[in-house]
Amino acid sequence: MSLPPVCVMDACFIIDWTRWGRRDLLWRVFSTGFVPEPVLREVVTPTPLRALREWMVAGLLTVYPSSREAEDEAIRLILEMRRDPRIPRIDPPEALCVVVARRIGAAVLTENRGILRAYQLAPESLAPAVVWNSLRLLAHLYATGLAEAGSFAELVREYEDEVKHAFSRREVDAVARELGLE
Amino acid sequence: MDEELRELRRRNADWEYIRSLPPRMREAVELYIETGDIWLAAKLAGMTVDEFNEIRIKAGILW
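From first to last, the protein sequence lines stand for chains A and B.
For the first sequence, my numbering begins at 841 and goes up steadily by one.
For the second sequence, my numbering begins at 505 and goes up steadily by one.
Keep in mind the hints are simulated off the structure, nothing from the lab.
All values derive from a computational prediction rather than experimental measurement.
Nothing false has been slipped in among the hints.
Lysine-lysine pairs mimicking DSS-like chemistry, simulated, CA-CA at most 25 Å apart: (1) K547/B - K562/B; (2) K562/B - K1004/A; (3) K547/B - K1004/A.
Working from the sequences, and respecting the hints, build out all of it.
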């Protein structure tokens, strides 16, 4: 699996991931991150804002400026995805993350099921962007030894408890199987 | 999987808390429970995603 060194983060990923005690492990996987301006406006509570500030101070994260052209492309992407009934809804900020990631060849970090399903069904349609959710990132951290835990299931439980995010058991099993973590 | 997650959200929700919310917020929370679409729910509530996420946690709804 080839993973780009740059990531583009969506709001739902940011507000979850930054609640996790080991959130900085993100930067053992990626060297640089972008947050599109409209996504940044969705983040307003102290914990994620503090994390964003720390990452910006460390030179790890920056803001991808908003542009009418990119936002129009995001709307076109939403309309394109809506033609496939297997893809759950995608909203403008997530679509914008994909547009940005496609332009710069980055990984999109999102919890949006629509984007994740679109990538699962036809990754080439979003290339060169790669789409991961926090579960996939946790699996990568565990598989590469960057996140130590008694087992992958234990790491997932730690994340779920701290972040208040429950993954579908079926999805956890599928990711574990795919990466040989069972 | 979408139906499984919807059922989890419904089952874990604190319905007493949800019923105590102002109408606009209640509709937004119910929209989230049915669709899992946090951005749309936040916009219906007139909030940011981050603010709405705090309501989601208070309402005991799983992501």
